[in-house]
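Enquirer: With the working numbering applied, the sequence shown corresponds to residues 1 to 188, in that order.
Be aware that a few hints might be false.
[Unchecked claim] Calculated cross-link-like contacts (lysine to any residue; reagent style SDA-like; alpha-carbon spacing at most 20 angstroms):
1) Lys46 - Met30
2) Lys56 - Lys119
3) Lys110 - Lys56
4) Lys119 - Gly137
5) Lys110 - Ala146
6) Lys161 - Ile140
7) Lys56 - Thr68
8) Lys110 - Gly83
9) Lys110 - Gly157
10) Lys119 - Met148
11) Lys46 - Arg27
12) Lys110 - Gly137
13) Lys110 - Glu94
14) Lys40 - Gly157
15) Lys75 - Glu94
16) Lys56 - Gly121
17) Lys91 - Lys40
18) Lys91 - Lys110
19) Lys115 - Pro99
20) Lys91 - Lys46
21) Lys115 - Glu156
22) Lys161 - Leu42
23) Lys91 - Asp139
24) Lys119 - Asp158
[Unchecked claim] FRET-style restraints, in silico, Cβ to Cβ:
25) Leu42 - Ile78: 39 to 47 angstroms
26) Met38 - Arg114: 36 to 44 angstroms
27) Glu103 - Arg39: 37 to 45 angstroms
28) Gln20 - Glu145: 25 to 33 angstroms
29) Lys115 - Ala146: 34 to 42 angstroms
30) Arg29 - Ala3: 20 to 28 angstroms
Hints were generated in silico from the structure; no laboratory data involved.
Think of the CB as a built atom: it goes at the ideal place given N, C-alpha and C, for glycine as much as any other residue.
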Amino acid sequence: RAASDKRIADARAKAMSDAQAQGDEMRDRMLRMAELDMRKELLGSKREVISEAFQKALERMRTMDVATAREFARKQLIASASGTETVVFSKADERIFTPEFIESVNEELKKLGRKGQLKVGSERRETGGGFILSDGGADIMCTYEALMSEARAGIEGDVLKLLFPENSLSHGPVIHCKLVSRKIFDAL
């Protein structure tokens, strides 16, 4: 009888120990899953804030004054054009891409050893700002959206660090969005 009671006590102790271990394992698994869900939610929130910063930078580009927009377009044309393309833009941007402006860009292109024969296209496309360089069926997209999309891949990590600095005592990412949108704009 004593041996039987000992076996029952040992079995009960083992069952309790196994149950405790399973409970601990289940609790740990649930905590890890909850932590993972929280991280996913935080990452989603960070992505939203980053997208908002890029959207604000795009809005800032679209509301540039004419002189700033011309300077920006000039830099993009010098960087992108071989000198024989047709410049296509939206009706809203006709005040930027005047014949005189295109001629001044052509003069700069000639100084750089390029042909300097850019032409203003008669076609107008809704670009959302910026322009398209068209050369015999091949288009180079220099629209604000295309430039922003291209830049985003290269600077998104820097934007993340600006918006979410480690151990920051700042008031949070919303306050930084305006500053970051300016930095994004300046990076273009």
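Enquirer: It remains to establish, for every hint, whether it holds in the given structure.
Expert: Evaluation of the provided hints:
{"no.": "1", "hint": "Lys46 - Met30", "in the structure": "violated, 24 angstroms"}
{"no.": "2", "hint": "Lys56 - Lys119", "in the structure": "violated, 32 angstroms"}
{"no.": "3", "hint": "Lys110 - Lys56", "in the structure": "violated, 36 angstroms"}
{"no.": "4", "hint": "Lys119 - Gly137", "in the structure": "holds, 15 angstroms"}
{"no.": "5", "hint": "Lys110 - Ala146", "in the structure": "violated, 27 angstroms"}
{"no.": "6", "hint": "Lys161 - Ile140", "in the structure": "violated, 31 angstroms"}
{"no.": "7", "hint": "Lys56 - Thr68", "in the structure": "holds, 17 angstroms"}
{"no.": "8", "hint": "Lys110 - Gly83", "in the structure": "holds, 8 angstroms"}
{"no.": "9", "hint": "Lys110 - Gly157", "in the structure": "violated, 38 angstroms"}
{"no.": "10", "hint": "Lys119 - Met148", "in the structure": "violated, 25 angstroms"}
{"no.": "11", "hint": "Lys46 - Arg27", "in the structure": "violated, 28 angstroms"}
{"no.": "12", "hint": "Lys110 - Gly137", "in the structure": "violated, 24 angstroms"}
{"no.": "13", "hint": "Lys110 - Glu94", "in the structure": "violated, 24 angstroms"}
{"no.": "14", "hint": "Lys40 - Gly157", "in the structure": "holds, 18 angstroms"}
{"no.": "15", "hint": "Lys75 - Glu94", "in the structure": "holds, 18 angstroms"}
{"no.": "16", "hint": "Lys56 - Gly121", "in the structure": "violated, 30 angstroms"}
{"no.": "17", "hint": "Lys91 - Lys40", "in the structure": "violated, 43 angstroms"}
{"no.": "18", "hint": "Lys91 - Lys110", "in the structure": "violated, 27 angstroms"}
{"no.": "19", "hint": "Lys115 - Pro99", "in the structure": "holds, 17 angstroms"}
{"no.": "20", "hint": "Lys91 - Lys46", "in the structure": "violated, 36 angstroms"}
{"no.": "21", "hint": "Lys115 - Glu156", "in the structure": "violated, 36 angstroms"}
{"no.": "22", "hint": "Lys161 - Leu42", "in the structure": "holds, 15 angstroms"}
{"no.": "23", "hint": "Lys91 - Asp139", "in the structure": "holds, 18 angstroms"}
{"no.": "24", "hint": "Lys119 - Asp158", "in the structure": "violated, 37 angstroms"}
{"no.": "25", "hint": "Leu42 - Ile78: 39 to 47 angstroms", "in the structure": "holds, 42 angstroms"}
{"no.": "26", "hint": "Met38 - Arg114: 36 to 44 angstroms", "in the structure": "violated, 55 angstroms"}
{"no.": "27", "hint": "Glu103 - Arg39: 37 to 45 angstroms", "in the structure": "violated, 56 angstroms"}
{"no.": "28", "hint": "Gln20 - Glu145: 25 to 33 angstroms", "in the structure": "violated, 58 angstroms"}
{"no.": "29", "hint": "Lys115 - Ala146: 34 to 42 angstroms", "in the structure": "violated, 24 angstroms"}
{"no.": "30", "hint": "Arg29 - Ala3: 20 to 28 angstroms", "in the structure": "violated, 38 angstroms"}
The structure is inconsistent with the numbered hints 1, 2, 3, 5, 6, 9, 10, 11, 12, 13, 16, 17, 18, 20, 21, 24, 26, 27, 28, 29, 30, although it conforms to all the rest.
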